[in-house]
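Enquirer: Given two chains presented individually in distinct reference frames, assemble the corresponding complex, making use of the accompanying hints.
Going down the list, the protein sequences come from chains A and B.
For the record, in the first sequence the residue sitting at position 108 is 108 according to full-length UniProt numbering, with numbers rising by one throughout.
For the record, in the second sequence the residue sitting at position 88 is 88 according to full-length UniProt numbering, with numbers rising by one throughout.
If you're looking for bench data, these hints aren't it; they were derived computationally from the structure.
Note that the structure is a prediction, hence the values are computed from the model and not measured.
All residues carry an ideal CB built from backbone N, CA and C; glycine is no exception.
Among the hints, a few may not be true.
[To be verified] Straight-line distance between alpha carbons at most 30 Å, and here's what the computed DSBU-like set of lysine-lysine pairs gives: (1) B/K32 - A/K70; (2) A/K60 - B/K111; (3) B/K119 - B/K100; (4) A/K60 - B/K100; (5) B/K144 - A/K36; (6) A/K70 - B/K100; (7) B/K66 - B/K97; (8) A/K70 - B/K144; (9) A/K70 - B/K97; (10) A/K54 - B/K144; (11) A/K36 - B/K32; (12) A/K60 - B/K32; (13) A/K60 - B/K119; (14) B/K32 - B/K97; (15) B/K119 - A/K54; (16) A/K60 - B/K144.
[As the list claims (entries may be wrong)] Some chain B residues near chain A, calculated using beta-carbon distances under 10 Å: (17) T101; (18) I120; (19) I121; (20) V124; (21) V168.
[Claimed, not checked] Not the full set, but computed from the structure, chain A residues with beta-carbon under 8 Å of chain B: (22) A42; (23) V45; (24) E46; (25) K54; (26) R57; (27) I62; (28) C65; (29) M68; (30) L75; (31) C81; (32) T92; (33) V109.
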Amino acid sequence: MDFFQTRKQYFLVPVNEDNRRCIEGVIGGTDYNQSKVNQWTASVVEHSLTHLVKQGRPFKYIVNCTIMQKSGAGLHTANSCYWDTATDGSCTVRWENRTMYCVVSVFAVAVAL
Amino acid sequence: MAGKAGMWSLVKERVQKKNIAARRKDSTVRTKDSISTVSCLDELHHDDNTRMAITMENTYQMGPYKRFSVAAVTDILEDVLTSYLQEERYEGEWSQKMTKTICEVIRARVKDLMIPRYKIIILVHIGQITGQSMQMDSRCLWDKSNDTTASYSFKNRSLFGVATVYAVYFE
Numbered sequence: 001m002d003f004f005q006t007r008k009q010y011f012l013v014p015v016n017e018d019n020r021r022c023i024e025g026v027i028g029g030t031d032y033n034q035s036k037v038n039q040w041t042a043s044v045v046e047h048s049l050t051h052l053v054k055q056g057r058p059f060k061y062i063v064n065c066t067i068m069q070k071s072g073a074g075l076h077t078a079n080s081c082y083w084d085t086a087t088d089g090s091c092t093v094r095w096e097n098r099t100m101y102c103v104v105s106v107f108a109v110a111v112a113l
Numbered sequence: 001m002a003g004k005a006g007m008w009s010l011v012k013e014r015v016q017k018k019n020i021a022a023r024r025k026d027s028t029v030r031t032k033d034s035i036s037t038v039s040c041l042d043e044l045h046h047d048d049n050t051r052m053a054i055t056m057e058n059t060y061q062m063g064p065y066k067r068f069s070v071a072a073v074t075d076i077l078e079d080v081l082t083s084y085l086q087e088e089r090y091e092g093e094w095s096q097k098m099t100k101t102i103c104e105v106i107r108a109r110v111k112d113l114m115i116p117r118y119k120i121i122i123l124v125h126i127g128q129i130t131g132q133s134m135q136m137d138s139r140c141l142w143d144k145s146n147d148t149t150a151s152y153s154f155k156n157r158s159l160f161g162v163a164t165v166y167a168v169y170f171e
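Chain B on its own, in the form it takes in the complex (with noise of 0.2 Å):
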């Protein structure tokens, strides 16, 4: 019965992504010297499928019972690169396919955790070295004490994998 109810949730969870991506739109603005592209994974009208937002009855929780465990995420972070990277070469249309999968096993890892009341967001970078020089940078507006970060950088000859987590509670 837990199996079946699992798997509903993960075919809800496909089917929600497949009518995210058709809503993807992108626009491109080109100036004299750069292009710049912006994609929104969310459009401004109504679909009726969108749900509403839900009103949320007062819990008088001051805070989260069980933490975001950092050292548990890296790990798992650590794990999930090194596995599906270890030995293998760049190239490009596998290194897409690549990011997207790890994307969504990392996720499917912390979920497992099953940290109440936490919010997920994943990042996955996978590049090729060839000698270039890259910076990454991010800040967030948060509560400090609730939420955090986990990250990890992976590297091989012939490309570099980051991933990142950061974990926002939901009061």
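The shape of chain A in the complex, shown without the other chains (with noise of 0.2 Å):
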């Protein structure tokens, strides 16, 4: 019984901190520029899923990136899933500088063992 409840405790703390510095690692500092914006969202997905995968739990991964120049206009972004409430969980993580907003949502489903 312990084992499957630790299986999702405690996933998300790590979760948040690396989003966080994968993103700061990657656009930190930097202004919104159109030529590089590509590099920059492939970038910080793919750090994302490599910090994921380096945890080597038992977990399916999704990772959303958006980036979005600052310019007065308003986004909304919402998610619904159909998956078993008590293995499976979603993080996000909201940056913003001067000139841009970023976005990157992690979504996990568990793999049955």
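Expert: Listed below in structure tokens is the structure:
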């Protein structure tokens, strides 16, 4: 019983910090740049996924990253999931600086062992 | 009878959602030139309502009997986005509600396809068009032969909408 509970517990804390650090590392201190944004999103997503995989937990991961230039426009994001709430979870990091917004969502779906 | 059962599971879903919303926790970190906020859907502590993870018995099933149909789901996304957003103008409050509504509608319709053993994740973005630039990227660590994704994007003069569905096979 305990083994299955601890599978999801304490999963999300390291994920938050890793995600934040990934974003800071890739686009922290830079201004929005149309020609580089493609690389940035790919980089953020790749680093996030690598950190998640390093934890070695029995999950399938989906990482989604959106970078948008700040221009006064509004953006709304919603997600809805049909899964097992006891074992699966998600986490979102919203990051912004002077010139852009970045939203990274991580979904983790348990693998049956 | 079937109608009652359907309604009961809908009520259970709503109640679970309310519980989940009540457990949401945000934490903000500021640095010299950026702010980041983390939102988690689940908190670390146990609450008594949390269900225990269930151990499933072996079914000896090697793969999905019915595959997830990307074309059918893309049609659903196109249909839902076009019908809800076709003639609309972007407004803050309305867009907030509409994103959630569209999410729920898509989830209900994909569930109606009755594809067994698939877990579904739906992502919807609605934004205003003011000449800004935006990039969306996603990467997944999953089983390529069974898991898949479908997405559709819609645009009119004042807003854009993007919907993505990820389907993950549960063995």
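Enquirer: The structure should be examined with respect to each hint, and the outcome stated for every one.
Expert: Hint by hint, here is what the structure shows:
1. B/K32 - A/K70: holds, 18 Å
2. A/K60 - B/K111: holds, 21 Å
3. B/K119 - B/K100: At roughly 19 Å apart (the allowed maximum being 30 Å), B/K100 and B/K119 satisfy the hint.
4. A/K60 - B/K100: holds, 25 Å
5. B/K144 - A/K36: Within the cut-off at roughly 29 Å; holds.
6. A/K70 - B/K100: holds, 23 Å
7. B/K66 - B/K97: Roughly 34 Å between the alpha carbons, so the hint for B/K66 and B/K97 is violated.
8. A/K70 - B/K144: Violated: A/K70 and B/K144 sit about 35 Å apart, past 30 Å.
9. A/K70 - B/K97: holds, 22 Å
10. A/K54 - B/K144: holds, 20 Å
11. A/K36 - B/K32: holds, 22 Å
12. A/K60 - B/K32: Not OK: A/K60 and B/K32 at ~35 Å, beyond 30 Å, violated.
13. A/K60 - B/K119: It holds: about 11 Å lies between the C-alpha atoms, which stays within 30 Å.
14. B/K32 - B/K97: At roughly 33 Å apart (the allowed maximum being 30 Å), B/K97 and B/K32 break the hint.
15. B/K119 - A/K54: holds, 24 Å
16. A/K60 - B/K144: holds, 11 Å
17. T101: B/T101 check passes; min Cβ-Cβ to chain A is 9 Å, inside 10 Å.
18. I120: holds, 4 Å
19. I121: holds, 5 Å
20. V124: Because about 5 Å separates B/V124 from the closest Cβ in chain A, which is inside the 10 Å limit, the hint holds.
21. V168: Holds - the Cβ of B/V168 comes within 10 Å of chain A, reaching about 5 Å at its closest.
22. A42: holds, 6 Å
23. V45: holds, 4 Å
24. E46: Status holds, d = 7 Å.
25. K54: With a closest approach of 12 Å, the A/K54 hint is violated.
26. R57: violated, 11 Å
27. I62: With a minimum Cβ separation of about 5 Å from chain B (threshold 8 Å), the hint on A/I62 holds.
28. C65: Holds - the Cβ of A/C65 comes within 8 Å of chain B, reaching about 5 Å at its closest.
29. M68: It holds, given that the least Cβ distance between A/M68 and chain B is near 4 Å, below 8 Å.
30. L75: holds, 4 Å
31. C81: holds, 5 Å
32. T92: holds, 5 Å
33. V109: Hint on A/V109: holds, closest Cβ of chain B at ~5 Å, below 8 Å.
Hint compliance for this structure: hints 7, 8, 12, 14, 25, 26 are broken, all remaining hints hold.
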